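**Q** Protein sequences, first through last, are from chains F and Z. For the first sequence, this note's numbering assigns the number 355 to the last residue and increments by one with no breaks. For the second sequence, this note's numbering assigns the number 355 to the last residue and increments by one with no breaks.
Please note that a few of the clues may not be correct.
Identical copies carry no separate label here, and so any pair may be met within one copy or between two of them.
What the hints assert, rightly or not - In silico DMTMM-like links for lysine to aspartate or glutamate, alpha-carbon gap of 25 Å or less:
#1 Lys274 - Glu219
#2 Lys332 - Glu354
#3 Lys213 - Glu282
#4 Lys213 - Glu227
#5 Lys274 - Asp238
#6 Lys332 - Glu290
#7 Lys229 - Glu219
#8 Lys293 - Glu354
#9 Lys274 - Glu311
#10 Lys277 - Glu305
#11 Lys293 - Glu242
#12 Lys277 - Asp238
#13 Lys351 - Asp307
#14 Lys293 - Asp232
#15 Lys229 - Glu286
#16 Lys277 - Glu227
#17 Lys231 - Glu286
#18 Lys213 - Asp238
#19 Lys310 - Glu347
#20 Lys323 - Glu282
#21 Lys296 - Asp228
#22 Lys323 - Glu354
#23 Lys231 - Glu242
Hints were generated in silico from the structure; no laboratory data involved. This structure is a prediction, so every number in the text was calculated from the model and none was measured.
There are 2 protein chains.
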Amino acid sequence: MKLSFHYEPGNGFVSEDKGKDTLIMKDPLLENTTRISPTELLVYAMGGCSSADVVLILSRMRKNIKSYRVELDAERESEDPKTLKSVNIHYIMEGDFTKENALRAVSLSLEKYCSVSILAKRGGAHLTYSITLNGESIAKNMEA
Amino acid sequence: MKLSFHYEPGNGFVSEDKGKDTLIMKDPLLENTTRISPTELLVYAMGGCSSADVVLILSRMRKNIKSYRVELDAERESEDPKTLKSVNIHYIMEGDFTKENALRAVSLSLEKYCSVSILAKRGGAHLTYSITLNGESIAKNMEA
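Chain F on its own, in the form it takes in the complex:
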C-alpha cells in the first residue's frame, strides 16, 4: 500500500491518493482548526475497521440492519508518547437479528478480523466493547 501527503501550512497535511477522497490532517501549528488529528483518526479507524466486519458478517448471515451507530470512548496515557490507554467501542444497532447474532459478529471482528483494533490491543491499548441491540444493552464494557 503506497500513500502520500504534503504539508500546506495553515491548512494541514493533505492526502494525495488521486482516486480517493482527500483527507486533511490538522496543522500542528494551528490552535483552532476543524481538521481531524492523527490520534482521532486512529480511534475512528479502530471503530471503522470493526464496523466493516460487523456489517459484512451480519449481511452474510442475511440479517437486515435497520440502523447502525458506534460511540467510541478513548483515553490516552498521561506520559509521552501518550499512546492509547483504553478504547471502548459501543455498537448501537437496530435490526431483525438476535443478541447471539450481534455478539457473534462483534466477537469475530475483535478477536479474529479487525486488523486495526487487534494491532492497537497488541500495542498495549485496553480494548473493551459494549452492545446495544434494539434499545437493550446486551454487553457493557466487556474485555475484547
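Position chain Z relative to chain F; hints supplied.
**A** Then chain Z, alone, in the frame of chain F:
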C-alpha cells in the same frame, strides 16, 4: 476522547464530531468507492502524527521548512487479521536546516513522541524511515 459515527448504506461510516471535518470511511458492501479504508487511515495517522512532531520540532528550532511531503509504504500480513507488517515513512523535505536537524526531529518523533507510530510498533509493525533533504537522501530504510 469521545467520537462517534453512523452507517449510511451505499455511502459509508460517517463521523459525527460536529465541530470537525466529516470523515467518511468506506462501506464494506461496496466494491468501487472513493472512500478511505480504516487500514489506510491508520497508515495516514502514523505519518501524520510523526509529521506533526517533525514540523513542531523544526519550528521550535526556528528552522524554515520550504516544502514537506511524506511517502508511506505499508505492507499487511497475509493471514487474518492481516495487521500491519511493515511501514516505511519517507520524509521529503526542503528547507534551511542541516541533516542533523532533520535526523534529530525524525528520531525524536519516532522514538519519543509519535503515539500512533509507537503504538503500531509495539503492536508488531516493523517501522522504518527514510529522509530526503534538499534532494539528497540522508537516511534510507533505517530502523525506528
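**Q** All the hints need checking, so say for each whether the structure fits it.
**A** So, going through the hints one by one against the coordinates:
With identical chains, the CA atoms of lysine 274 and glutamate 219 are at most 25 Å apart between copies only, with a shortest distance of 16 Å across copies and 45 Å within one. In this homomeric assembly, lysine 332 and glutamate 354 come within 25 Å of each other (Cα to Cα) both inside a single copy, at 11 Å, and across copies, at 22 Å. With identical chains, the CA atoms of lysine 213 and glutamate 282 are at most 25 Å apart between copies only, with a shortest distance of 7 Å across copies and 30 Å within one. Taking the closest pair of Cα atoms, lysine 213 and glutamate 227 come within 25 Å of each other only inside a single copy of the chain (10 Å); across copies the shortest separation is 28 Å, beyond that limit.
For a Cα distance limit of 25 Å, the shortest separation of lysine 274 from aspartate 238 across copies, 16 Å, qualifies, whereas the shortest one inside one copy, 42 Å, does not. For the identical chains of this complex, lysine 332 and glutamate 290 are neighbours both inside a copy (18 Å) and across copies (17 Å), given an alpha-carbon limit of 25 Å. Within a single copy, lysine 229 and glutamate 219 get their C-alpha atoms as close as 17 Å, and across copies as close as 23 Å, so both meet the 25 Å cut-off. Within a single copy, lysine 293 and glutamate 354 get their C-alpha atoms as close as 22 Å, and across copies as close as 21 Å, so both meet the 25 Å cut-off.
Taking the closest pair of Cα atoms, lysine 274 and glutamate 311 come within 25 Å of each other only inside a single copy of the chain (12 Å); across copies the shortest separation is 58 Å, beyond that limit. In this assembly of identical chains, lysine 277 and glutamate 305 lie within 25 Å of each other by CA distance solely inside one copy; the values are 5 Å within and 51 Å between copies. Only within a single protomer do lysine 293 and glutamate 242 lie at most 25 Å apart by alpha-carbon distance; the minimum there is 19 Å, versus 36 Å between protomers. Proximity of lysine 277 and aspartate 238 under a CA criterion of 25 Å is satisfied inter-copy only: 15 Å between copies versus 38 Å inside one chain copy.
Within a single copy, lysine 351 and aspartate 307 get their C-alpha atoms as close as 21 Å, which meets the 25 Å cut-off; across copies the closest is 54 Å, which misses it. When the C-alpha separation of lysine 293 and aspartate 232 is checked against a cutoff of 25 Å, the pair qualifies only between copies, where the shortest distance is 24 Å, while the shortest distance within a copy is 29 Å. Proximity of lysine 229 to glutamate 286 under the C-alpha cut-off of 25 Å is restricted to the inter-copy arrangement: shortest distance 20 Å between copies versus 34 Å within a copy. Taking identical chains as interchangeable, the C-alpha atoms of lysine 277 and glutamate 227 lie at most 25 Å apart only when they sit on different chains, with a minimum of 18 Å there against 35 Å within one chain.
For the homomeric pair lysine 231 and glutamate 286, the shortest alpha-carbon distance between copies (19 Å) is at most 25 Å, but the shortest distance inside one copy (30 Å) is not. In this homomeric assembly, lysine 213 and aspartate 238 come within 25 Å of each other (Cα to Cα) both inside a single copy, at 22 Å, and across copies, at 21 Å. Proximity of lysine 310 and glutamate 347 under a CA criterion of 25 Å is satisfied intra-copy only: 10 Å inside one chain copy versus 59 Å between copies. For the homomeric pair lysine 323 and glutamate 282, the shortest alpha-carbon distance inside one copy (21 Å) is at most 25 Å, but the shortest distance between copies (30 Å) is not.
For the identical chains of this complex, lysine 296 and aspartate 228 are inter-copy neighbours only, at 21 Å across copies versus 31 Å inside a copy, given an alpha-carbon limit of 25 Å. With identical chains, the CA atoms of lysine 323 and glutamate 354 are at most 25 Å apart within one copy only, with a shortest distance of 14 Å there and 29 Å across copies. Taking CA atoms no more than 25 Å apart as the test, lysine 231 paired with glutamate 242 passes between copies only; the shortest distance there is 13 Å, against 28 Å inside one copy.
Comparing the model with each earlier hint shows no violations; every hint is respected.
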